[in-house]
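Q: Chain residues, written in single-letter form:
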Amino acid sequence: MSWIRQAAHVFRKDVRQWPWQVFVYFVVVSVTVLRAEDRFGLAGIASGVMMMVTTLFGMVFVTMVVQSDSPTRPNAFWGTRPFHSSALLAAKLGFAVVIVIGMAAAGQVIALTGWNVPATTVVRVTLGGAFAYLMWLFAAMTIAALTRDLRSAIVAFLCMLVGVSVVMGIASNPIVTGASARMVHGWGSAIARVLGVAVPVALLAFLYRRRDVRYRAWVAAAVVFVLFFIAAFDTVPSEADARPTGPAVRLRATLSTSPVLREVHVRLSAIDAPANQRLSFFVDSSVVHLSNGTSLHAAGGQRPPVTVHPAMLPTPGAIRWLGDSRNGQYVTEAVLPLTPQQSHVAAIGVVSADVWGKLYVAVPGELADLPLAAGASVARDGTRIRIAQVDVEPDAASADIVTSYLADAATGLAEGPLTYTMVSPRFGEGTLTEQRNSSGGSGSMVLPASVARSDSTRFEAVTPREDRGITMAPGWFTGARLVVFQWKSLGHYSTRVSTTP
Amino acid sequence: MCASVSARTSAVEASRVTYRYGQIEALSDLDLSIPQGALYALLGANGSGKTTLLQILMGVRRAMRGSVSLFGVDSRALGLRERATISYIAEGQPLPEWMTLAQLEAYVAPLYATWDTALAAELRERFGLDATRKIGALSRGQQMQAALLCALAPRPRLLVMDEPFTGMDAVVKDDLVHGLLESSGRGDWTVLVCSHDIGELELLADWVGVLDAGRMLLSEPMDVLQSRFKRIEAAIGGDASVETVIARQTAEWMAVERAGRRMTFLVSDADADVEQRVARELPPGSQVAVRDASLREIFVALARSARRTRATRVDSARTQEVA
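Just so you know, the sequences run in chain order A and B.
Take 118 as the starting number for the first sequence in this note's numbering and just add one per residue.
Take 1467 as the starting number for the second sequence in this note's numbering and just add one per residue.
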């Protein structure tokens, strides 16, 4: 019997062995898909719970499949029969990938179709989730290979999970290793992902071939768990270092010290910024120059970035934005916090500051254009918007809007916050809205690491102040529409700004 | 038969095999040679290392020291071709209980080029197994028969069985023994079986090995063993007390037991004049009867003797330690 036929032979045996479990798993995945789709009143179940049920079921399933032909039990049925040990492993991995991950991935694809995302995004999100799921399954298969039965596998898995997470927690503490936490991102993360696949497969192959387990196998299993932690939970996006096209925007900065001098304020404005680009500045570090000729290093890392240039919103149907003052020079302040000691020293007088940071560039794109009426909804590019309730008065309006989006930053979706506006086609005018209150939560899709967030927010139309001579005509909101813009990142570049006197 | 067997190359050859479970030494510098065509019975008390030895022979465990070869091939490097010529029934080996016997045969058969469908059917018939019943629904004895069927149908060159008679009633055991004997008569194969059912092994085996605390006490053909070990029954004559006789016993007397003025023991190097030799050691007027020792008697005598030797060794070690 050839290698490939043997692998298929064992795979068929495994499928025949667990027909009911396959069926139950199919049902679990189906329920998870329906939950992700908010169908059949399943919204009451937390979607994260369903994802965890699917994942745990899959882990238990692969544990049983591995232990049915245990690589390390001396009296395993296959052990003294003419099996290629690697064919047996291939059959088990095939089962994990084709049956367990395949079914969940198919469910994920079905669930994603309701979000109206491009096919490439569906593939990217599904592959990302499938990879995270594979890491969970590898961890389960490794423990299954080293234990005798399901119960001991569960106990060993929990012990390993707790033990490794404690060690990882200590190791990733910046006090212990300042750089290690950053090292797992970027190249370190990519290497961990490759090792996350290679090491468990190599360990399983070794166990199936060697069979005689010693304590060293458990040490290797702990390594698998460490890689599993890094690869499965490292969902921090790799920062796109792409520079936006076109010439870099220059920033002008002036000093604006606070009276208490707990912090140094720097007023920032953009010079020659394109009208359609929103620019946000993130302070990395800064140097404050004092009147006695000395300097201080002020802390950076201020979040969120300050907007130094708000873009003009596009004008659908050539509408006019009411009360829009953003055509003029926009000035904002970046805050450079000082420590008490620095404040004491800086009391002598601050003369200038050099600020290093990143300038993020984003442009608005129209995401949705809905009638301002309860029940109106749209799904586009991984975001769903549904108007739950609308209160319209002659000169005011508010709307409760439920916005759901695929929040996994690693997928590149949900690139920026949304701007909600109300537009009156009748008058050819539009106005911004203000957020009054908000509630929401995160849930999961079918596969791990695919998070969907849902927010329920009340927006009120901003009515322009009459003192500026802009008024809203009676009946402005009759037939009004909700137009939503999404900010899409064009990239960022590093820059240095020095204050001018 | 023994002479013809021993003239051939070995089916199993183990040299200075050592294996430890942590600090516990399961096998210690063990040597073993099983000639091709032998029906080899491996005897040993619980914990003597039988199962570990079989697992090392089958490549399931790796010896920490020493070498093992099957038909001249290192057991750690057994390829598919070699594995297809070896059948192993492990103690407590779980069969896929969800399969019917027919499904089990269909699963296993494609792995062997030499699978004999007719033999499988014949064995099924002989054991009275229903091919449509699930393995899990069979009794323990029937499950062992199903395992045996799967082990014999490929017509292996080497059949290794670890406690095959466990859970079988006397009739089934008898069937199994006769089935094995019949099958062995048909082909040139080697059987290595270890079991606590010494009575069955005595019927089967033509070679015997006794393992104790990880060391081989003996390994030799059954006929040599039976000619060497004799059971002596003596009625002590005269006025001498039995205690005095026992106290004066020679080193070759094993497993000495007494009942009134009668005593029995085994001698391990019997020859034609063993009766006269023993009579000279006893008080005048004693009566001596000599008969063949059973395999069970030989095993028990050897095991007790080894245990006594170990205990003496431990005692002297402690004494030295205290001193």
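Derived by calculation from the structure, the hints in this document are not laboratory data.
Be a bit skeptical, because a hint or two may be false.
[Said to hold, decoys possible] Residues from chain A shown here face chain B by an in silico Cβ test under 8 Å; the list is partial:
1) M118
2) F194
3) G196
4) F399
[To be verified] Derived, one-sided and incomplete: chain A residues facing chain B with beta-carbon distance under 7 Å:
5) R129
6) Q134
7) P191
8) N192
9) T197
10) P199
11) R326
12) R328
Glycine included, C-beta positions come from ideal geometry on N, C-alpha and C.
Q: Would you mind marking each hint as holding or not holding in the structure?
A: A quick look at each hint next to the structure:
About 5 Å separates the beta-carbon of A:M118 from the nearest beta-carbon of chain B, less than 8 Å, and the hint is met. Interface restraint check: A:F194 against chain B, minimum CB-CB distance 6 Å, threshold 8 Å, status holds. Taking 8 Å as the C-beta contact cut-off toward chain B, the hint placing A:G196 at the interface holds, the least distance being around 6 Å. Contact between A:F399 and chain B, as hinted, is not supported at the beta carbon level, the nearest pair being about 58 Å apart and thus beyond 8 Å.
The closest approach between the C-beta of A:R129 and any C-beta of chain B is roughly 9 Å, which is over the 7 Å cut-off, so the hint fails. A least Cβ separation of about 6 Å between A:Q134 and chain B falls short of the 7 Å threshold, and the interface hint therefore holds. Contact between A:P191 and chain B, as hinted, is supported at the beta carbon level, the nearest pair being about 5 Å apart and thus within 7 Å. Hint status for A:N192 relative to chain B: holds, with the closest Cβ pair at about 4 Å, below 7 Å.
Nearest Cβ of chain B to the Cβ of A:T197: about 4 Å, under the 7 Å cut. The hint holds. The beta carbon of A:P199 is positioned within 7 Å of a beta carbon in chain B (closest approach about 4 Å), and the interface hint is therefore held. This hint is violated: A:R326 has a C-beta 10 Å from the nearest C-beta of chain B, more than the 7 Å allowed. Taken as an interface hint, A:R328 checks out: its beta carbon lies about 6 Å from the nearest beta carbon of chain B, inside 7 Å.
The structure fails hints 4, 5 and 11 (numbered hints given earlier, in ascending order).
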